[in-house]
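S.K.: What follows is each chain in one-letter form.
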Amino acid sequence: GAGVSQSPSNKVTEKGKDVELRCDPISGHTALYWYRQSLGQGLEFLIYFQGNSAPDKSGLPSDRFSAERTGGSVSTLTIQRTQQEDSAVYLCASTPTRGGLGETQYFGPGTRLLVL
Amino acid sequence: ELKVEQNPLFLSMQEGKNYTIYCNYSTTSDRLYWYRQDPGKSLESLFVLLSNGAVKQEGRLMASLDTKARLSTLHITAAVHDLSATYFCAVDLRGSNYKLTFGKGTLLTVNP
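Going down the list, the sequences are from chains D and L. With the working numbering, letter number 55 in the first sequence gets 55, and the count goes up by one each step, no holes. Numbers in the working numbering are just positions in the second sequence, counted from 1, shifted up by 1000.
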């Protein structure tokens, strides 16, 4: 079946612009995670959605970052007023239920963001 | 704060040789994950280890977990070039919404 998909696959933007990154989780998966992968910081958790519960935003690095998940499926990560340090690969992952009990997180291909 | 440390970070080995990658973590957890990442690709799940003493094997890779020592190992047997990739271990904590904390990864290069 279809895996986690993300779009765009690559995004180049100018400093100060806003960007939106999209994630389509595996159909039926209720838990969705965003991570960021950068050379300096490695893989970092950003935000977690589970069903209709309030999202866990504890990993968002600043208030320029926000995310939403509409209808319990597609999620959009928005970065406002982008900075060069936002350049990274943004990865989305999903799990069938709430992510517990050792469930594997299935990762999408990522969006490579470059801020000039 | 949960910290996950892998070593080595870089590993160059010859085909046919054996080696072990180590993953230490700082806080009690009984769930550990190993992922593989090929260049320019996303993360592929290799193993999920859910209890002390858990051992899982797939092909030339074998992973184990010692929760008392807070240590997991990924053992490579008779390496082949196709195993060249970056390997990440990750840990989650109960009550943390199961978000993963990753090690920095081990870049494995298997040379002919």
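Since the hints were made in silico from the structure, they are not lab data. The structure displayed is predicted, hence computed values, not measured ones. A portion of the hints provided could be inaccurate.
What the hints assert, rightly or not - PhoX-like cross-link-like pairs, simulated, lysine-lysine; straight-line CA separation at most 25 Å:
id: 1; chain 1: L; residue 1: Lys1068; chain 2: L; residue 2: Lys1017
id: 2; chain 1: L; residue 1: Lys1017; chain 2: L; residue 2: Lys1056
id: 3; chain 1: L; residue 1: Lys1003; chain 2: D; residue 2: Lys57
id: 4; chain 1: L; residue 1: Lys1003; chain 2: L; residue 2: Lys1104
id: 5; chain 1: D; residue 1: Lys11; chain 2: L; residue 2: Lys1041
id: 6; chain 1: L; residue 1: Lys1104; chain 2: L; residue 2: Lys1041
id: 7; chain 1: D; residue 1: Lys11; chain 2: D; residue 2: Lys57
id: 8; chain 1: D; residue 1: Lys57; chain 2: L; residue 2: Lys1104
S.K.: The structure should be examined with respect to each hint, and the outcome stated for every one.
M.R.: Verification of the hints:
1. L:Lys1068 with L:Lys1017: Violated. L:Lys1068 to L:Lys1017 sits at ~29 Å, over the 25 Å cutoff.
2. L:Lys1017 with L:Lys1056: 20 Å, holds
3. L:Lys1003 with D:Lys57: 19 Å, holds
4. L:Lys1003 with L:Lys1104: 10 Å, holds
5. D:Lys11 with L:Lys1041: 16 Å, holds
6. L:Lys1104 with L:Lys1041: Answer holds: L:Lys1104 to L:Lys1041 is near 16 Å, not above 25 Å.
7. D:Lys11 with D:Lys57: 23 Å, holds
8. D:Lys57 with L:Lys1104: 22 Å, holds
Violation of the numbered hints given earlier is confined to hint 1; every other hint is satisfied by the structure.
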